[in-house]
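There are 6 protein chains.
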Amino acid sequence: MTKLIQELTNNETFDLFALLKDVKVRTTKTGKQFLDLVFADRSGEIGGKFWDASAQDIENFQAGKVVFLKGKKETYMGNFQIKISAMRLATEEEPHDALSYVQRAPLSKEQLEEQITQSVFEIEDATYNRIVRALLQKYGNKFYIYPAAKSNHHDFEGGLAYHTVSMLALAHDVVRYYDGIDAPLLYAGTILHDLGKVVELSGPISTSYTLAGNLIGHVSIMDAEIVEAAEHLGLHQDDEQVLKLRHMILSHHGELEYGAPERPELLEAEILHNIDVLDAGIMMIQKALDHTEPGDFSDRIFGLDNRRFYKPNK
Amino acid sequence: MTKLIQELTNNETFDLFALLKDVKVRTTKTGKQFLDLVFADRSGEIGGKFWDASAQDIENFQAGKVVFLKGKKETYMGNFQIKISAMRLATEEEPHDALSYVQRAPLSKEQLEEQITQSVFEIEDATYNRIVRALLQKYGNKFYIYPAAKSNHHDFEGGLAYHTVSMLALAHDVVRYYDGIDAPLLYAGTILHDLGKVVELSGPISTSYTLAGNLIGHVSIMDAEIVEAAEHLGLHQDDEQVLKLRHMILSHHGELEYGAPERPELLEAEILHNIDVLDAGIMMIQKALDHTEPGDFSDRIFGLDNRRFYKPNK
Amino acid sequence: MTKLIQELTNNETFDLFALLKDVKVRTTKTGKQFLDLVFADRSGEIGGKFWDASAQDIENFQAGKVVFLKGKKETYMGNFQIKISAMRLATEEEPHDALSYVQRAPLSKEQLEEQITQSVFEIEDATYNRIVRALLQKYGNKFYIYPAAKSNHHDFEGGLAYHTVSMLALAHDVVRYYDGIDAPLLYAGTILHDLGKVVELSGPISTSYTLAGNLIGHVSIMDAEIVEAAEHLGLHQDDEQVLKLRHMILSHHGELEYGAPERPELLEAEILHNIDVLDAGIMMIQKALDHTEPGDFSDRIFGLDNRRFYKPNK
Amino acid sequence: MTKLIQELTNNETFDLFALLKDVKVRTTKTGKQFLDLVFADRSGEIGGKFWDASAQDIENFQAGKVVFLKGKKETYMGNFQIKISAMRLATEEEPHDALSYVQRAPLSKEQLEEQITQSVFEIEDATYNRIVRALLQKYGNKFYIYPAAKSNHHDFEGGLAYHTVSMLALAHDVVRYYDGIDAPLLYAGTILHDLGKVVELSGPISTSYTLAGNLIGHVSIMDAEIVEAAEHLGLHQDDEQVLKLRHMILSHHGELEYGAPERPELLEAEILHNIDVLDAGIMMIQKALDHTEPGDFSDRIFGLDNRRFYKPNK
Amino acid sequence: MTKLIQELTNNETFDLFALLKDVKVRTTKTGKQFLDLVFADRSGEIGGKFWDASAQDIENFQAGKVVFLKGKKETYMGNFQIKISAMRLATEEEPHDALSYVQRAPLSKEQLEEQITQSVFEIEDATYNRIVRALLQKYGNKFYIYPAAKSNHHDFEGGLAYHTVSMLALAHDVVRYYDGIDAPLLYAGTILHDLGKVVELSGPISTSYTLAGNLIGHVSIMDAEIVEAAEHLGLHQDDEQVLKLRHMILSHHGELEYGAPERPELLEAEILHNIDVLDAGIMMIQKALDHTEPGDFSDRIFGLDNRRFYKPNK
Amino acid sequence: MTKLIQELTNNETFDLFALLKDVKVRTTKTGKQFLDLVFADRSGEIGGKFWDASAQDIENFQAGKVVFLKGKKETYMGNFQIKISAMRLATEEEPHDALSYVQRAPLSKEQLEEQITQSVFEIEDATYNRIVRALLQKYGNKFYIYPAAKSNHHDFEGGLAYHTVSMLALAHDVVRYYDGIDAPLLYAGTILHDLGKVVELSGPISTSYTLAGNLIGHVSIMDAEIVEAAEHLGLHQDDEQVLKLRHMILSHHGELEYGAPERPELLEAEILHNIDVLDAGIMMIQKALDHTEPGDFSDRIFGLDNRRFYKPNK
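Protein chains in written order, with our numbering: chain A, 393 to 706; chain B, 393 to 706; chain C, 393 to 706; chain D, 393 to 706; chain E, 393 to 706; chain F, 393 to 706.
Just so you know, not all the hints are guaranteed correct.
Copies of the same chain look alike in the list, so a pair counts if it fits in one copy or across any two.
Claimed, not checked - For lysine-lysine, the following BS3-like pairs were computed, each having C-alpha atoms within a straight-line distance of at most 30 Å:
no.: 1; residue 1: K703; residue 2: K457
no.: 2; residue 1: K475; residue 2: K501
no.: 3; residue 1: K534; residue 2: K441
no.: 4; residue 1: K464; residue 2: K679
no.: 5; residue 1: K706; residue 2: K462
Hints listed in this document are in silico derivations from the structure and should not be mistaken for laboratory results.
Computed from a prediction, not measured in an experiment: that's the story for all the values here.
Construct the complete structure from the given sequences, taking the supplied hints into account.
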């Protein structure tokens with residue numbers, strides 16, 4: 393029976409299905425080609441080398457493919473790796489859907505949808521409500537499976553919606569504690585703030601930046617989408633509600649040097665920026681501490697100015 | 393009967409008691425001295441000039457004193473001001489307590505104390521709990537009446553405790569939503585993070601920086617207080633709990649250039665920094681928008697990089 | 393016969409028509425209101441004070457109005473000013489069109505249009521050509537009369553189109569000298585790069601920022617306009633031509649800290665940014681040196697990092 | 393018959409002459425020394441390893457030498473390289489002049505000289521004209537063969553003069569379009585702005601920094617040269633023309649942090665800086681895109697803040 | 393008998409000679425011109441106003457002139473000032489030499505010369521010694537009377553040489569304590585580092601920047617002077633000693649953003665930079681504290697990043 | 393007889409005792425473990441590889457241990473290394489004290505103590521004197537053997553005290569040359585400024601940061617120690633002397649971005665910062681130049697903004 397990667401013990405011989413998460417073609421000193429691989433399933437990841445790769449092998453074994461693998465788990469220079477005995481592509485009859493091998497958000501797609509839907513109900517402003525619905529309708533399918541980033545934070549299936557749902561919880565608390573906040577604007581801005589990532593990124597498997605992601609970026613992508621949606625709904629481009637919603641998206645990175653075309657100049661925009669920083673920071677630190685021993689410092693976290701975080705002994 | 397400043401109508405003649413919030417001695421072109429005054433009570437503030445001030449007047453009418461004032465409210469260059477008919481110091485029999493003329497937090501001292509006390513109960517770690525109790529006992533009286541700043545945010549009586557209570561509410565939410573947070577450390581750090589301001593600042597009336605405030609700053613003041621408290625409790629200076637609590641205070645400004653001797657390197661320290669930014673930002677923006685007409689931008693807010701905020705029409 | 397402001401000699405008594413370019417209501421020490429005015433016509437500007445202004449005067453004499461003025465030119469503290477004898481609003485029968493008193497570009501509207509049209513002909517790419525035509529059709533009227541800025545550079549009627557025409561000349565030279573440049577993309581990007589200013593700014597008279605200008609900015613305004621135009625033309629949003637043209641606009645400020653959501657990542661975008669800097673810089677320096685005596689340094693130029701420029705003796 | 397590097401096909405066996413552009417002595421795991429080489433001729437570059445290098449080989453095969461090479465072109469880890477069968481130094485009778493193997497400017501030395509000479513004619517100011525002539529006479533030989541940089545932009549034989557000629561073309565256009573520019577000053581400054589590089593750099597082959605280049609830099613080198621030249625011509629050091637010309641050189645890097653002792657404070661200095669940035673930027677991007685496939689991004693360009701540039705599909 | 397400014401008591405009527413250190417022509421509200429003056433002698437400074445100034449008065453009473461003054465010392469808005477009864481220019485028979493009214497260094501010109509001369513003796517390297525002697529011979533007269541700055545530090549007669557002498561004392565200590573320092577290079581660099589200020593500044597009275605100061609700056613001025621001096625002494629421009637001495641001057645501001653074309657890359661250059669910072673800092677702080685009451689903070693010091701310094705009570 | 397590392401000649405076979413300064417466990421391509429070692433004694437350092445390391449070897453040969461070594465000095469890729477014939481731990485009877493193999497300050501512990509003691513005598517202020525004595529008594533043992541840094545400057549046994557003694561010499565000179573310096577404050581601040589490093593660092597052998605070092609830092613560590621010492625001496629926390637001494641420590645890094653919670657606001661604090669920079673800079677440059685050939689540039693120095701320094705030919 394096939395195993396999960398996390399279940400393997402050292403020196404165990406096994407069969408399993410796994411996703412080829414990363415594939416690099418390399419050449420040995422003696423000129424032979426081999427594949428330097430990262431295998432993944434929902435339980436974890438492990439590396440391995442496929443020696444003497446033929447042209448056909450290189451053609452077959454591309455990142456994003458699912459393989460059936462026979463091998464042995466062993467130690468090499470302090471790390472675990474797979475010594476491969478045999479490897480072939482999974483067939484149509486076997487569990488070959490790449491998405492089912494990717495790590496995903498702690499909440500199911502249904503749970504995420506329910507929470508987003510609940511917040512949409514609370515957007516008691518016709519303009520914001522209609523724009524949000526229109527864009528969720530257009531991009532909803534991708535919204536619930538895309539990651540929130542290529543690496544960094546929420547870089548797993550459903551990460552984008554999960555990040556959004558976490559921020560909505562914080563947004564509700566802030567609305568409860570402080571006076572004078574336009575809750576519909578805050579919720580609408582929160583739901584849309586990163587939605588442009590469904591155009592910026594290629595998807596949840598072997599995530600990369602699209603050309604639109606590189607040349608335009610998710611901030612401007614979503615800004616233009618709101619304008620289009622507003623036009624389809626018959627709203628004038630100088631409508632103050634539309635301008636405010638656009639401003640939420642345009643300013644949510646907070647600082648010009650982080651790619652925000654505008655700095656926050658609405659109370660709700662400042663709040664959106666701060667809860668984004670708070671949620672993303674916690675996720676990055678949790679992820680780094682998961683790979684850290686008590687009493688040690690984590691690796692440096694790129695998205696937090698290369699700081700290391702301490703994992704206490706108790 | 394005496395009035396409140398906010399109740400006066402234009403061209404109304406009145407009697408009232410007020411605090412001299414700010415006093416500047418100036419000289420006219422013709423060489424005569426006068427006082428440029430700001431009067432305040434809990435309802436608001438208004439300016440006025442006291443002409444032909446004698447040496448005795450200058451001696452008497454100092455900032456922080458309460459006066460009985462007869463005058464007329466009028467307009468000068470677009471602003472309201474008081475035309476003073478007569479002014480004298482309030483007597484012992486009259487309402488002469490400066491503190492009763494200062495704006496204060498929306499919650500009473502008792503409400504603030506109750507909420508802080510509740511959070512202290514939840515600090516389920518003996519080390520943090522004892523240190524927090526010791527320092528609240530030492531500085532509690534001041535803690536509940538001091539402002540959180542000279543100007544900027546929470547610059548009113550009780551502002552320090554009010555800021556702390558607001559942050560504790562957010563801290564509880566974060567603990568509820570995310571795994572792996574050391575709640576006692578987060579609550580203890582939140583309660584102590586700005587407590588050093590009771591040494592840094594002179595008090596709630598005509599607030600200024602003390603010499604310790606100027607030369608040491610509230611961050612290092614509180615850091616040393618924690619060390620002293622820990623010593624009195626018989627804790628070793630290398631105790632990991634003590635080091636973590638000190639780190640919370642030392643890093644809560646987030647960036648070295650904002651006067652943090654350390655950048656956050658604990659999950660809880662990063663959270664503390666972010667909820668501090670969030671609460672202070674909201675308070676500064678609300679205060680600025682209170683003085684802004686719908687459809688206008690506020691004055692620039694120094695504590696938010698001189699940004700102006702827009703007050704929407706609806 | 394009426395005179396132009398520039399023609400007046402010191403102590404000359406005159407009649408003239410002028411635009412009220414700037415109006416400030418002030419109050420004297422003794423409490424009387426007066427108007428602190430800046431008069432302008434196409435020949436230049438001069439200040440003056442209108443004493444004892446009645447409520448009706450304040451109502452009448454607003455910025456943007458044209459007045460008939462009797463007075464005398466005199467010197468006050470080293471500067472020329474107008475001593476006003478009489479002032480009234482210009483009537484419908486008199487030259488009362490504010491626009492005719494504003495400084496304007498050295499080229500006529502017709503000359504500007506001709507040069508822009510010529511460059512549009514040279515955009516030998518159907519996608520770029522159609523988008524540019526669509527947007528010029530939508531905003532052409534404003535494009536030829538708007539300034540390129542509120543102050544700084546090209547802050548005169550037609551300044552926006554004049555700045556664009558100057559840059560097109562430089563763009564043609566660059567295309568001639570260097571290989572591998574996509575001329576249609578460069579010309580299209582040049583024509584559209586600042587076109588969003590017709591939404592960002594209020595117009596050529598007493599120019600101010602609109603709400604869209606403040607909350608969105610001309611970069612994102614034009615980016616969304618291109619997307620809409622492309623949609624109307626049936627182009628897909630992932631069309632590489634559309635993405636490249638959007639990138640030209642999004643990156644033309646060059647640096648994130650100058651409000652560019654993207655840094656230039658196309659050869660043509662880098663060129664566009666550089667010729668924008670070159671043309672704007674020359675205009676700002678020429679304007680500053682116009683008000684500088686030979687052998688002196690100009691005032692500091694805000695748009696050039698507060699540098700002063702030297703006007704040589706020869 | 394010998395081949396050019398660019399003409400070789402994969403697996404072709406060949407004879408050719410090449411320059412040793414870069415030579416690194418390395419040791420194998422088993423302790424034997426070999427040479428890691430880069431071969432170059434005017435058509436391009438290719439790497440190769442010379443195994444089992446004797447002390448004599450190491451002595452002979454130094455960077456800057458020309459060799460006669462027998463070998464085979466093959467692929468190694470995705471890159472082409474030379475498998476060397478035999479290698480010896482070129483003899484006096486063979487084409488052994490290193491300079492003839494270096495890439496050079498698209499214009500010949502004569503064409504460059506002609507264009508520079510033409511611009512010198514147009515310097516219709518005796519002071520500038522005489523200083524420029526004096527310095528071209530002193531450094532002319534090197535000026536026409538030196539590169540403009542060690543790497544980055546115009547890093548080929550004649551690159552310095554080619555960069556200057558390109559900038560002169562742009563300078564002429566600017567003079568034609570804008571009023572009030574001192575053309576002689578602009579042309580003189582353009583010709584001299586980087587001339588100090590003939591002292592800063594070692595020459596066109598295996599270019600490195602000289603001690604003067606490291607300790608003084610080409611900006612200050614040329615500044616002092618102008619002073620000396622002016623003195624020889626009998627000009628006073630406070631002569632305004634001399635000061636202005638020095639200022640052109642001292643400020644042409646634009647920003648203090650890029651090593652400009654002065655920021656531009658002359659109209660002509662600002663123009664010189666901007667056309668320098670424009671020409672250098674285009675050259676760097678063209679060079680990077682030459683090594684990029686359509687649809688890909690280039691490597692990061694150090695001289696352009698590590699940006700990558702996109703090479704469109706069409 | 394005439395008095396010194398510092399000797400006057402409040403309300404004292406007096407005669408004295410003083411330098412017009414600063415003169416501003418102003419106009420009263422009623423249109424009359426008056427002079428706003430700063431009087432100075434070696435004991436101190438005091439302000440005063442000369443009412444109803446005629447055209448002849450304005451012509452006569454220019455900054456840098458010495459006047460005979462009758463008046464009364466009085467208080468105005470908390471500051472002392474002179475009420476002028478009569479004022480005329482000092483005659484040739486009276487003490488009319490402006491320089492004798494300027495504050496000067498604590499050491500006499502002879503003392504300064506002696507100490508500089510002593511250090512020159514210790515420059516036991518022919519190259520450095522000859523260059524230093526040549527430049528002191530050329531500029532010695534100015535060197536001993538110029539200030540080291542327009543304002544900031546050592547802004548008094550002889551300040552330039554005094555600053556140099558103080559730094560030489562520190563330089564000698566450093567040579568005594570640490571190994572491997574090239575003392576002749578350090579002393580030569582110290583003597584020459586600011587000597588370019590005799591060209592950059594106009595002189596000790598009413599100091600301003602010259603055109604050379606504005607366009608070239610004292611760093612590049614002295615760099616070129618060293619090259620010229622070396623050439624006159626027959627030294628080659630690539631002589632390592634000359635390059636090192638130039639590097640000392642070019643790098644003494646330490647950071648590119650402070651106008652240093654080179655960052656220090658010689659041990660002696662790093663030392664020179666640091667003792668320059670140390671000496672200038674102490675002088676600026678001492679000057680600021682001289683005008684500060686014990687227990688107060690000084691005004692902000694521009695040259696020290698606008699920091700204020702505390703003057704202790706004991 | 394055993395040798396010192398520095399005495400070995402190439403290809404010499406030898407016996408010696410050495411400290412294992414750095415130990416890395418690595419694995420060969422074929423999966424065997426070996427130790428990559430750095431050996432050190434007071435004369436210098438050299439690398440070597442211990443092949444086929446058993447689990448026991450890895451257990452025994454840890455950083456900080458002293459070994460007896462038989463081997464041969466040889467060259468590998470241009471560097472010297474040890475080819476190990478035999479290696480075992482030194483016994484109790486052999487010279488096995490790690491500290492005796494570490495490089496140490498040029499002055500003996502006794503010399504350092506004498507100089508510190510002398511300066512303590514000169515602290516003629518009871519408050520400063522008592523605090524300094526108390527803290528030297530508490531930490532004196534470590535103070536005289538700790539390094540001043542993990543790497544960078546004074547990274548040798550006794551480096552902390554040696555750095556302090558060097559700075560005291562400079563401090564005395566400054567006191568001698570300038571008026572108005574509080575010498576006791578300057579000396580006390582100098583002695584204590586880096587004393588917190590005895591808590592921040594682990595010690596002179598294989599120096600690393602402690603948890604307190606990472607989370608608190610030596611600046612805040614010493615600040616709190618002063619407060620405790622003052623309390624034990626019965627001094628009030630608002631005592632101006634105590635505040636000033638704390639300020640010296642808190643501000644000695646000079647800039648917030650270098651981890652100073654306060655910028656210097658006392659004359660003595662500015663001096664302390666500057667002599668710290670001066671002494672540390674000289675030490676870093678001397679160390680770098682010791683490993684540089686005349687005519688070459690050193691490696692980049694991290695603590696000096698990655699500058700390289702030139703080692704002159706004479």
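Against the structure, the hints come out as follows:
no.	hint	verdict
1	K703 <-> K457	between (36 Å within a copy, 29 Å between copies)
2	K475 <-> K501	neither (36 Å within a copy, 56 Å between copies)
3	K534 <-> K441	neither (33 Å within a copy, 50 Å between copies)
4	K464 <-> K679	within (27 Å within a copy, 48 Å between copies)
5	K706 <-> K462	neither (40 Å within a copy, 45 Å between copies)
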